[in-house]
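The listed protein sequences derive, respectively, from chains A and B.
Anchor point for the first sequence: position 571 equals 571 in this note's numbering, and the numbering is continuous, going up by one each time.
Anchor point for the second sequence: position 320 equals 320 in this note's numbering, and the numbering is continuous, going up by one each time.
The set of hints was computed from the structure by calculation and includes no laboratory data.
Since this is a predicted model, take the numbers as computed values, not measurements.
Warning: the hint list may mix true and false statements.
Claimed, not checked - Below 35 Å or equal to it, Euclidean Cα-Cα: the simulated DSBU-like pairs (lysine-lysine) are:
(1) A:Lys353 <-> A:Lys57
(2) A:Lys293 <-> B:Lys220
(3) A:Lys568 <-> B:Lys220
(4) A:Lys546 <-> A:Lys562
(5) A:Lys319 <-> B:Lys220
(6) A:Lys570 <-> A:Lys546
(7) A:Lys570 <-> B:Lys220
(8) A:Lys319 <-> A:Lys562
(9) A:Lys546 <-> B:Lys220
(10) A:Lys573 <-> B:Lys220
(11) A:Lys573 <-> A:Lys317
(12) A:Lys504 <-> B:Lys220
(13) A:Lys553 <-> A:Lys564
(14) A:Lys460 <-> A:Lys553
(15) A:Lys319 <-> A:Lys460
Said to hold, decoys possible - If you want the footprint, here are the derived chain B segments under chain A, 3+ residues with CB under 8 Å:
(16) 64-75
(17) 118-129
(18) 135-143
(19) 227-239
(20) 315-327
(21) 348-357
The beta-carbon is built from N, C-alpha and C at its ideal position, and this holds for glycine as well.
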Amino acid sequence: MDQRLIRNFCIVAHIDHGKSTLADRFLDVTHAVAERQMREQYLDRMDLERERGITIKAQAVRLAYPHDGVEYELNLIDTPGHVDFTYEVSRSLAACEGAILLVDAAQGIEAQTLANFHLARDAGLSIVPVVNKIDLPAANPDGVAEELAELVGAEPQDVLRVSAKSGAGVTELLRALIDRVPSPSGDPAAPLRALVFDSSYDPYRGVVAYLRVVDGEITGRSRVVFMSNRSTSESEEVGVFAPDASPRPALTAGDVGYLITGVKDLRQAKVGDTVTLASRPAGKALPGYREPKPMVWSGLYPAEGGDYAVLRDALDKLKLSDAALVYEPESSLALGFGFRCGFLGLLHMDIVKERLEREFNLELIATAPNVEFRVIRQTEVISVHNPSEMPQPGTYDYVEEPFVLATVVTPSSFLGPVMELCQQRRGSLQDLRYLSPERAEVHYLLPLAEIIFDFFDLLKSRTRGYASLDYEHWGYERSDLVRVDLLLQGEAVDAFSSVVHRDKAPTYGRAMAERLRELIPRQLFEVAIQATIGSRVIARETVRAKRKDVLAKCYGGDITRKRKLLEKQKEGKRRMRRVGRVDVPQEAFIAALRVDQQPAGRQP
Amino acid sequence: MTPRARDEHVQPGSAGIDGSAGLYVHIPFCLTRCGYCDFNTYAGLEHLAGAYLEGLTLESDLAAPEWRDHTFVSVFFGGGTPTMLPSERLGDLLGSLRRRFSFDPAAEITVEANPDTVDGRALAGLLASGVGRLSLGVQSFDPAVLVSLERVHSPQSARTAFAAARSAGFQNVNLDLIYGANGETLESWRRTVEEAVALEPDHLSCYALTVEPSTRLGRKVAAGMVPPPDPDLQADMYHVACDLLGAAGYEHYEISNWATPGRRCLHNMGYWQGRPYLGLGAGAHSHRDGRRWWNVRPPRQYLDLLDGGELPIGGEERLSDAERATERLLLGLRVADGIPAQWLPDGRATPFVEDGLAERRGDRLALTDRGMLVANELVLAFAAGIGGVEPPGP
Ligand SMILES: Nc1nc2c(ncn2[C@@H]2O[C@H](COP(=O)(O)OP(=O)(O)OP(=O)(O)O)[C@@H](O)[C@H]2O)c(=O)[nH]1
Ligand code: SF4
Ligand SMILES: [Mg+2]
Chain A
1 MDQRLIRNFC
11 IVAHIDHGKS
21 TLADRFLDVT
31 HAVAERQMRE
41 QYLDRMDLER
51 ERGITIKAQA
61 VRLAYPHDGV
71 EYELNLIDTP
81 GHVDFTYEVS
91 RSLAACEGAI
101 LLVDAAQGIE
111 AQTLANFHLA
121 RDAGLSIVPV
131 VNKIDLPAAN
141 PDGVAEELAE
151 LVGAEPQDVL
161 RVSAKSGAGV
171 TELLRALIDR
181 VPSPSGDPAA
191 PLRALVFDSS
201 YDPYRGVVAY
211 LRVVDGEITG
221 RSRVVFMSNR
231 STSESEEVGV
241 FAPDASPRPA
251 LTAGDVGYLI
261 TGVKDLRQAK
271 VGDTVTLASR
281 PAGKALPGYR
291 EPKPMVWSGL
301 YPAEGGDYAV
311 LRDALDKLKL
321 SDAALVYEPE
331 SSLALGFGFR
341 CGFLGLLHMD
351 IVKERLEREF
361 NLELIATAPN
371 VEFRVIRQTE
381 VISVHNPSEM
391 PQPGTYDYVE
401 EPFVLATVVT
411 PSSFLGPVME
421 LCQQRRGSLQ
431 DLRYLSPERA
441 EVHYLLPLAE
451 IIFDFFDLLK
461 SRTRGYASLD
471 YEHWGYERSD
481 LVRVDLLLQG
491 EAVDAFSSVV
501 HRDKAPTYGR
511 AMAERLRELI
521 PRQLFEVAIQ
531 ATIGSRVIAR
541 ETVRAKRKDV
551 LAKCYGGDIT
561 RKRKLLEKQK
571 EGKRRMRRVG
581 RVDVPQEAFI
591 AALRVDQQPA
601 GRQP
Chain B
1 MTPRARDEHV
11 QPGSAGIDGS
21 AGLYVHIPFC
31 LTRCGYCDFN
41 TYAGLEHLAG
51 AYLEGLTLES
61 DLAAPEWRDH
71 TFVSVFFGGG
81 TPTMLPSERL
91 GDLLGSLRRR
101 FSFDPAAEIT
111 VEANPDTVDG
121 RALAGLLASG
131 VGRLSLGVQS
141 FDPAVLVSLE
151 RVHSPQSART
161 AFAAARSAGF
171 QNVNLDLIYG
181 ANGETLESWR
191 RTVEEAVALE
201 PDHLSCYALT
211 VEPSTRLGRK
221 VAAGMVPPPD
231 PDLQADMYHV
241 ACDLLGAAGY
251 EHYEISNWAT
261 PGRRCLHNMG
271 YWQGRPYLGL
281 GAGAHSHRDG
291 RRWWNVRPPR
301 QYLDLLDGGE
311 LPIGGEERLS
321 DAERATERLL
331 LGLRVADGIP
341 AQWLPDGRAT
351 PFVEDGLAER
361 RGDRLALTDR
371 GMLVANELVL
381 AFAAGIGGVE
391 PPGP
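Could you put together the complete structure from these sequences and hints?
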């Protein structure tokens, strides 16, 4: 294909501003999907995406679009908007020359609009500003177009206006893309260099690598080399997503498509790697991606102890379609063998857990999430991913916790409450700017631990839903943190340990002890629950002993029923975790997570 | 009998060295259905009584050849309310059973009865036909509790029935009591037990009210119309019963059963000890040689199958070794005699003995009063890891 007829672009926006719906209209206009197969947000193909109405994974699709008598090849990538999936956006950007920056006409610019704009600009992409949802009664297309023009440094009349719902303005937008997005400029004659910008695992075909071919050509029958580890394999098939995977004889410079090598080694197709040909290898690999930095950590354990190997295999496979996931084996006295996993945020964590459960038929227990701490002991720096590994006070010099640079976009009228909230969360103001007289953008340095759990909900409730939040990793700062342990019958339960700011420890300890009292069923003996810092007890609760649990009557010799009831009870017990003599239900481990999200006394 | 010798035939499935067995006969008729009751019984089905009695005879004919080598040491007419049938008919039924099965001459023969369904004449008739033990469904001496349980008789009719039984000559009478009904207080229960003791019955069964989902009570509890029984209050009530009955000289020989010396219910003991039993009638359960089976529940279906010349069996199970092991703990631990201590691995029971829930008595291990009330938990804890029952958690 003549590169001049190719346009590679992605759609980026704040969450829910209509990216996937706009992609639907592109599919319509180019007749990419048969009418009766079309459904809303067609590219959101995962069940989870459809149930939650959000995009989780970027999706590439090739469209054929006739314009001025020639057929153009448009490679579109729909990206997710949620802050947890920013890594998906940045990977997509590297496969494109242009980006549609989409803004909801009723919402205006929001925090991820800014974040994604900066990413796209830094990646050197041509940015096409578009106001969406102009059909909404509350739409303010003129005002929003002005804000957007100001942001990207364009004239308001250069901002396109569409309704992804009705399709108004979509054809104009396609034309503008052809005009404004540069065609790819790789060298078709040079040795092959193709960027692996994503991957997935197909149970029948193995690893599928998503490629953006920069230079050269790759066919369905070539010997390919993954440049990072020099591993070679035969390509079995190359093709494009149109929108379903369709084989093609070859992919050439400028194309976006996929490669199947039949490799079962899951670690081979590393996202960010460069593929070249064994027969004529490229000299230099393409710049890859910076590994994303996990924001939160949590232990994932199989509810059935025997599923450890299944979980490991599932993580390896999921990692292929979720490059941001990191994990390392760990073990817990309470939960047995599992993995400490790093996630980009709580939504990411939730999605990973749910995908593992659904796609691999697992049942998992997730421990309360925490951020990564650093313990400084003389010249030694110890990274702590699991609160129970935090050394006892007095054995180290000090502790550091991660900080983020947070951007809040809010109507100016809510600036007061927003700043108050940031202050309460140990934030320090960095910058305040006005996007327009009515809208402001504030930047705060905040401890990650303070915003990752309930901050967003509080922000929303204090601004009647108008404020939006984005944040990026900043660095580590010294903090007065302590480890709070939870003890059952005097024995610490590692999975319940948590590291919190000293000022908040007593409230946290009390809330946790109370939650556990509610969740731990009565046992044959009294169960003492304590929250401690070091050797100091900060809260205690008791679960009274169970006194009655017997089937009073054996009616007419029906022993079978009695035994079955007992077996049911046994099954219930089997699903509990035993800590010392205490049976702890799995919900208790999950509930610990909720306490973290909503420490008592801090509710709005 | 030494404890060791007794162990030999508590093994479920061993047919009993002496070939002894129990016979249960189910009579599925009641005046009305009580709100908490999920037994296989029916109000307004009395017109089937004649056919049902014939059915029992047919079933006996079919079953008898299989039980030739067994001697029945107990017979229990349960229900339902067996005394819904005229005493002559019950007498005839007993006679027809005697002709088909071999009875021990000293067999314990019990009939369950509800107040208001028996009078002096009927009781005398039962006694004359060989029934030696009467079990009266009294439930409570507090009228408010009887209303709450939706029982149709009064405390007075219970006293009257008891007096009638005594004057008819019954020397072995049991009273059934229930504790934990909605509205029943500890005090009310105490008075009920005191009144029961004052009558000087030979045997007392005190059952904690259990809410069964399929009953009227179950539905009301599910709908939030009636609170479920408070397990702590029921525990207190249980201990009141233990104290009062113990003081009055009754032996607490099974979780829910107390008896004066020599008056344990032989038939029920058979269930705990794993003695074989044959159940006749709709929904009746049987057990022999590690096989448990039960008849279809609806009386009409029961009769139809018999008309076709078939045993009216509704289902059966053969116990695996693991199930047998669980069962013998489940059953053995209900009884004050307990189980041979060597059934459990060393040390398994120690923490529970320390907590006062179990007790070593010579080479046996038995539950204390407190332990009996949490027998389910203890069986699970004891069974963990033995006989195929896995320990909870890793
Ligand atoms: N009225 C109106 N609604 C729209 C328009 N475009 C999208 N929507 C609605 O906005 C909601 C979000 O649309 P999506 O296309 O899922 O948004 P998204 O940007 O892909 O969301 P994420 O992928 O989760 O970031 C849906 O309910 C759409 O129907 C539009 O032009 N007009
Ligand atoms: S009398 Fe007994 S068997 Fe009949 S309904 Fe009442 S509780 Fe059930
Ligand atoms: Mg989307």
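Hints, one by one, checked against the model:
With a C-alpha separation of about 15 Å, the suggested pairing of Lys353 (chain A) with Lys57 (chain A) holds against the 35 Å cut-off. Simply put, Lys293 (chain A) and Lys220 (chain B) have alpha-carbon atoms about 55 Å apart, too far for the 35 Å limit, and the pair is violated. Simply put, Lys568 (chain A) and Lys220 (chain B) have alpha-carbon atoms about 24 Å apart, close enough for the 35 Å limit, and the pair holds. Of the supplied pair hints, the one linking Lys546 (chain A) and Lys562 (chain A) holds, its CA atoms being roughly 20 Å apart against a limit of 35 Å.
Restraint check: the Cα-Cα separation between Lys319 (chain A) and Lys220 (chain B) comes to about 51 Å, which exceeds 35 Å; the hinted pair is violated. For a cut-off of 35 Å, the pair hint linking Lys570 (chain A) to Lys546 (chain A) stands: about 16 Å separates their Cα positions. Proposed proximity of Lys570 (chain A) and Lys220 (chain B) is supported: the alpha carbons are some 28 Å apart, at most 35 Å. Restraint check for Lys319 (chain A) and Lys562 (chain A): the C-alpha separation of about 47 Å exceeds 35 Å, so the hint is violated.
Our distance criterion of 35 Å between C-alpha atoms is met by Lys546 (chain A) and Lys220 (chain B), whose separation comes to about 25 Å. Between the alpha carbons of Lys573 (chain A) and Lys220 (chain B) the distance comes to roughly 28 Å, so the proposed pair stays at or under 35 Å and holds. Simply put, Lys573 (chain A) and Lys317 (chain A) have alpha-carbon atoms about 32 Å apart, close enough for the 35 Å limit, and the pair holds. Proximity of Lys504 (chain A) to Lys220 (chain B) is assessed by CA-CA distance (about 45 Å); at most 35 Å being required, the pair is judged violated.
A distance of roughly 14 Å separates the Cα atoms of Lys553 (chain A) and Lys564 (chain A); the hinted pair therefore holds under the 35 Å criterion. Between the alpha carbons of Lys460 (chain A) and Lys553 (chain A) the distance comes to roughly 56 Å, so the proposed pair goes past 35 Å and is violated. Taking the CA atoms of Lys319 (chain A) and Lys460 (chain A), the gap is about 32 Å. The hint holds against a cut of 35 Å. Only residues whose beta carbon comes within less than 8 Å of a beta carbon in chain A count, and the segment 64-75 of chain B has 0; fewer than three means the coverage is violated.
For the segment 118-129 of chain B, the proposed coverage by chain A is not satisfied: 0 residues have a C-beta within less than 8 Å of a C-beta in that chain, short of the threshold of three. With 0 residues having a Cβ less than 8 Å from any Cβ of chain A, the segment 135-143 of chain B misses the three-residue criterion, and the hint is violated. Under a criterion of three residues with beta carbons nearer than 8 Å to beta carbons of chain A, the stated coverage of the segment 227-239 of chain B is upheld, 5 such residues being counted. A count of 4 residues in the segment 315-327 of chain B with a Cβ less than 8 Å from any Cβ of chain A is obtained; the coverage claim is therefore met, three being the minimum.
Counting residues of the segment 348-357 of chain B whose C-beta lies closer than 8 Å to any C-beta of chain A gives 4; at least three are required, and the coverage claim holds.
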